[in-house]
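We have chain A already, so just place chain B on it with the hints.
Protein chains in written order, with the numbering used here: chain A, 359 to 559; chain B, 23 to 181.
Possibly wrong hints are sitting among the right ones.
Facing chain B, from chain A, some residues (calculated, C-beta under 7 Å) [stated by the list, open to error]:
hint: 1; residue: Q474
hint: 2; residue: I529
hint: 3; residue: I531
hint: 4; residue: E550
In the DSSO-like style, the derived pairs of lysine-lysine whose C-alpha atoms are separated by at most 30 Å in a straight line are [said to hold, decoys possible]:
hint: 5; chain 1: A; residue 1: K506; chain 2: B; residue 2: K157
hint: 6; chain 1: B; residue 1: K105; chain 2: B; residue 2: K125
hint: 7; chain 1: B; residue 1: K113; chain 2: B; residue 2: K125
hint: 8; chain 1: A; residue 1: K493; chain 2: B; residue 2: K105
hint: 9; chain 1: A; residue 1: K493; chain 2: B; residue 2: K158
hint: 10; chain 1: A; residue 1: K493; chain 2: A; residue 2: K506
No lab work stands behind these hints, which were simulated from the structure alone.
Where is the CB? At the ideal position from N, CA and C, for every residue including glycine.
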Amino acid sequence: MRDDHVVNVARCLLRSSTNGPGERFVLWVQGCPLHCPGCWNPDTWSPSPRELIRVTALGNQILEEMPIDGVTFTGGEPFAQAEVLAELAERLRTHDLSLMAFTGYELEELTDHHQQRLLGLLDIVVTGRFIREMKADGLLWRGSSNQKVHLLSDRHRGLDMSAGDHPIAEIVITDIGTSVVTGFPDAGLLHELGTARKSQP
Amino acid sequence: MSAYIQLATPMTSVECLLDALADVGCSPVVAQVAGQSGTRATAGSSQSGATSQVINLDSTGTASLVWAPTGFRLEARGAAASKFEQSWLRKVAERYDFHRAAKEQRLADGQRLAAEEERRRLVEAQRHAVIEAAKKQGYRIEERQEQGCIRLVLSKRVY
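Chain A on its own, in the form it takes in the complex (with noise of 0.2 Å):
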């Protein structure tokens, strides 16, 4: 049964509204074969198993979150995990939920079936690797300037991309006092906040 399959997880974040456009839930996959210099999150290249979750589990997970706008897949690369979650595309997708990607290749670099049905599940892929010479603050949902952002269907044809005040990092503080930093902060935020957690008590 294709339902039995299992997503190799490395996080997960209820809500977010950083990566990707409205409110969504983002997946952070593990494994990835990429290992660009300077990644964000070098501890989700190895392939070995971190959290292993059915695709039917991960699914009743996400939508237990509704109402969100959509789901982003991020990483690690989701690319290369692309059967399961072309299958965890599929079921989201009948609850009309917008689908993103962040993937390190570029599009044409994504030949295999399995990979192209998930690009056709799509509505907003971001490509390409992270290149550290090219890392510039402030671009929507890129971390470098070599990276794209493709519209891969209609549902978002109307989105506002262009120069302007967007979200672009969030900090979410748990009731216990631990902290996560998402989407693209800039340098000196990071810097900031490394400061900050310094002076704390």
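Here is chain B on its own, set in the frame of chain A:
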């Protein structure tokens, strides 16, 4: 005649013991007996200092609970000995256990509340530090409360 010596009871908290005695209808008087520096309280006891405590159970002074190194010992003479005996002491001990448990629960609640307050203080300090850092970097900040978490969405001009 064989020996029958009442050793110390495991009742070590004066506060709980007085509550227990009140429950069984006693209005005891606590007296400090100075100069018995060898009778210190054990860990967990509410006794402190080098003096020993005597809890007089009646006005004649013929029945008392006297602090021994590991708890209070019942001492009763004459007619009082028939009133303040083992079954009476058992009732006191039961009430003592009740008050001791309640006291421990209060202490645990207090510790839990203190820990929660400390967490709240840390979360607030963290929130404040993050907001200050984001403001310094020119971010517009939107704060949301979700499922017990604070979510700070930071917006800035993109190109």
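Hint check:
1. Given hint, Q474(A) at the interface with chain B, is violated; its Cβ is 30 Å from that chain's nearest Cβ, farther than 7 Å.
2. Because the beta carbon of I529(A) sits about 5 Å from the nearest beta carbon in chain B, less than 7 Å, this interface hint is met.
3. Proximity of I531(A) to chain B holds as hinted, the smallest CB-CB distance being about 4 Å (cut-off 7 Å).
4. About 4 Å separates the beta-carbon of E550(A) from the nearest beta-carbon of chain B, less than 7 Å, and the hint is met.
5. Between the alpha carbons of K506(A) and K157(B) the distance comes to roughly 29 Å, so the proposed pair stays at or under 30 Å and holds.
6. A threshold of 30 Å between alpha carbons decides the hint, and for K105(B) with K125(B) the separation of about 28 Å falls inside it, so the pair holds.
7. A hinted pair counts as satisfied when its Cα atoms are at most 30 Å apart, and K113(B) with K125(B) qualifies at roughly 18 Å.
8. For the suggested pair K493(A) and K105(B), the alpha carbons sit about 89 Å apart, so the restraint of at most 30 Å is broken.
9. Only pairs whose Cα atoms come within 30 Å are accepted, and K493(A) paired with K158(B) is accepted, the gap being roughly 22 Å.
10. A threshold of 30 Å between alpha carbons decides the hint, and for K493(A) with K506(A) the separation of about 13 Å falls inside it, so the pair holds.
In this structure, the hints that do not hold are numbers 1, 8, in rising order.
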